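Colleague: Read off the chains here:
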Amino acid sequence: MATSVDDTGPESENGFDMGDPELNRHPQPGYRMLRDSGPVVRLPGVIPSRANADAHLVGRHADVVTVLRSPDIFSSRFDAVHIGQVRPLIPLQIDPPDHAKYRKLLDPLFAPRRIALLEDRTRALVSDLVDAVADDGGCNYHAAVSEPLPSTVFLELLGLPVSRAAEFIALKDGIIRPPAPTPEERSAMVDAAGAQIYAVLQEVLDQRLEAPRDDFISDFLDAEVDGERLTPEEVIDICYLFFLAGLDTVTASLDCMMARLALHPAERRRLADDPSVIPHAVEEMLRWETPVTAVVRVTTQDTELSGCPIAADQVVSVMLGAANTDERAWDEAESVDIDRRVNKHLAFGGGVHRCLGSHLARMELRVVLEEWHARIPEYRVPEGVELDYSPGLRQIADLPLVW
Amino acid sequence: MRLDQERCQGHGRCYILAPVVFEPDDDGRGMVIAETVPRVLAESARLGSDNCPEDAITVIDD
Numbered sequence: 002m003a004t005s006v007d008d009t010g011p012e013s014e015n016g017f018d019m020g021d022p023e024l025n026r027h028p029q030p031g032y033r034m035l036r037d038s039g040p041v042v043r044l045p046g047v048i049p050s051r052a053n054a055d056a057h058l059v060g061r062h063a064d065v066v067t068v069l070r071s072p073d074i075f076s077s078r079f080d081a082v083h084i085g086q087v088r089p090l091i092p093l094q095i096d097p098p099d100h101a102k103y104r105k106l107l108d109p110l111f112a113p114r115r116i117a118l119l120e121d122r123t124r125a126l127v128s129d130l131v132d133a134v135a136d137d138g139g140c141n142y143h144a145a146v147s148e149p150l151p152s153t154v155f156l157e158l159l160g161l162p163v164s165r166a167a168e169f170i171a172l173k174d175g176i177i178r179p180p181a182p183t184p185e186e187r188s189a190m191v192d193a194a195g196a197q198i199y200a201v202l203q204e205v206l207d208q209r210l211e212a213p214r215d216d217f218i219s220d221f222l223d224a225e226v227d228g229e230r231l232t233p234e235e236v237i238d239i240c241y242l243f244f245l246a247g248l249d250t251v252t253a254s255l256d257c258m259m260a261r262l263a264l265h266p267a268e269r270r271r272l273a274d275d276p277s278v279i280p281h282a283v284e285e286m287l288r289w290e291t292p293v294t295a296v297v298r299v300t301t302q303d304t305e306l307s308g309c310p311i312a313a314d315q316v317v318s319v320m321l322g323a324a325n326t327d328e329r330a331w332d333e334a335e336s337v338d339i340d341r342r343v344n345k346h347l348a349f350g351g352g353v354h355r356c357l358g359s360h361l362a363r364m365e366l367r368v369v370l371e372e373w374h375a376r377i378p379e380y381r382v383p384e385g386v387e388l389d390y391s392p393g394l395r396q397i398a399d400l401p402l403v404w
Numbered sequence: 113m114r115l116d117q118e119r120c121q122g123h124g125r126c127y128i129l130a131p132v133v134f135e136p137d138d139d140g141r142g143m144v145i146a147e148t149v150p151r152v153l154a155e156s157a158r159l160g161s162d163n164c165p166e167d168a169i170t171v172i173d174d
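These protein sequence lines map, in sequence, to chains A and B. Under our numbering, the first residue of the first sequence carries the number 2, and numbering increases by one thereafter. Under our numbering, the first residue of the second sequence carries the number 113, and numbering increases by one thereafter.
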């Protein structure tokens, strides 16, 4: 889960303006500045909803790894991010040891063996979406593919009605990108959207209790953790997290990757000429673009990182994109190399909260790139168009491509 | 070759990149197919180890 808008806030006195379009378009120089400023960079007062309103940005790879692997000190608990939830989201906002019992239930459902079963259906969906635009000579890629594909895959998997996808996407956007000028208004908007998501989930859950189907919601209602059934509340707390994660992150990743390839013809031609490089290209673009730029933790005690003190109950923004481009940890950190032999990027986070959906995301990204380039190998961004990336979760709502 | 099950978080890089020496379990975590591998597979073992985001895999050249 990425930093919410609240966390990235307005321009700070340190000069990191998270709303700067150029920074969102090309965040890598900003990441370098962050890393070179020190192990921990404090942005004062950027989270007005918290008593301790500062954010602490951590960008060096070694420190990011330390934070991700120390959930006892850097907790992912309820108050790390405010995304309209009224109870801790499962499993993201549950720390060890309870965390493990939920992951034990969920990990097999998202393991590569299970995800492989979804590939044919995903490929058919992509094929239909590509067919719909192939003869048009151009499209807004975000609207044509990036948004509909992952949301359809996810809604089918979870068991929410695909016919209501537009409504669900709007609710999700109300939380991740609330279109309001002040933090107070944004917060109110987030809470309102959250209440609606809970209502939708409750409605579907009631239907599945009555008549189970072949979907995750029905599976969860039937599932046992340590010999005990999940409560309806627990099922909703899992589905709420899935709703936000499932409807946004792969969309952002597809936007970032297709924009990258449209703007870099040599890379694009390699993928089009030799689809076997696509999995490697996906990994390298995940590293370089890091579509989910950050995850958030809260300190449970006074601590320090590489000599920098951080007090208890402080928000720590774990800057995954900065870690993924840190020359302290990578050879040729700032060049994009599809043939990179070693690529242990943290685009899916790391430690116990490693993105549950990472294998689903990888499969979707690969299948889309395979199907798209088989049909439409030549495409570009029209002359004179500057793409705008949203902060935090890097979507490109207007991504015109022509061919 | 050792894979620390406590450290492994199921990123899956090892068994994707080097399926001759690593395999997934039902949860998606990595497992070594055999603790000792012949020299001809050493590069695969190292590829898996070098790409583990959790540094969970140790390869010792004996």
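Hints are computed from structural coordinates only; laboratory data are not their basis. Check before you lean on any hint, since a few could be wrong.
[As the list claims (entries may be wrong)] A few chain B residues facing chain A, derived, Cβ under 7 Å:
1. 118
2. 121
3. 124
4. 136
5. 139
6. 140
7. 162
8. 165
9. 170
[As the list claims (entries may be wrong)] Now the in silico label distances, taken between C-beta atoms and shown as ranges:
10. A:208 - B:151: 56 to 62 Å
11. B:151 - A:21: 34 to 40 Å
12. A:333 - B:151: 44 to 50 Å
13. A:22 - B:155: 50 to 56 Å
As the structure is a computational prediction, the values presented were derived from the model and not from experiment. Idealized CB from N, CA, C, for every residue including glycine.
Colleague: Each of the hints needs a verdict: does it hold here or not?
Modeller: Status of each hint after checking the structure:
1. 118: violated (10 Å)
2. 121: holds (4 Å)
3. 124: Holds - the Cβ of residue 124 of chain B comes within 7 Å of chain A, reaching about 6 Å at its closest.
4. 136: holds (6 Å)
5. 139: Cβ of residue 139 of chain B sits 4 Å from chain A, so the hint holds.
6. 140: Status holds, d = 3 Å.
7. 162: OK, holds: residue 162 of chain B within 7 Å of chain A, min 5 Å.
8. 165: At 4 Å from the nearest chain A Cβ, residue 165 of chain B passes the 7 Å test, so the hint holds.
9. 170: Because about 15 Å separates residue 170 of chain B from the closest Cβ in chain A, which is outside the 7 Å limit, the hint is violated.
10. A:208 - B:151: 56 to 62 Å: Holds, at about 59 Å.
11. B:151 - A:21: 34 to 40 Å: Given about 53 Å between the Cβ atoms, the range is violated.
12. A:333 - B:151: 44 to 50 Å: At 29 Å between Cβs, range violated.
13. A:22 - B:155: 50 to 56 Å: violated (44 Å)
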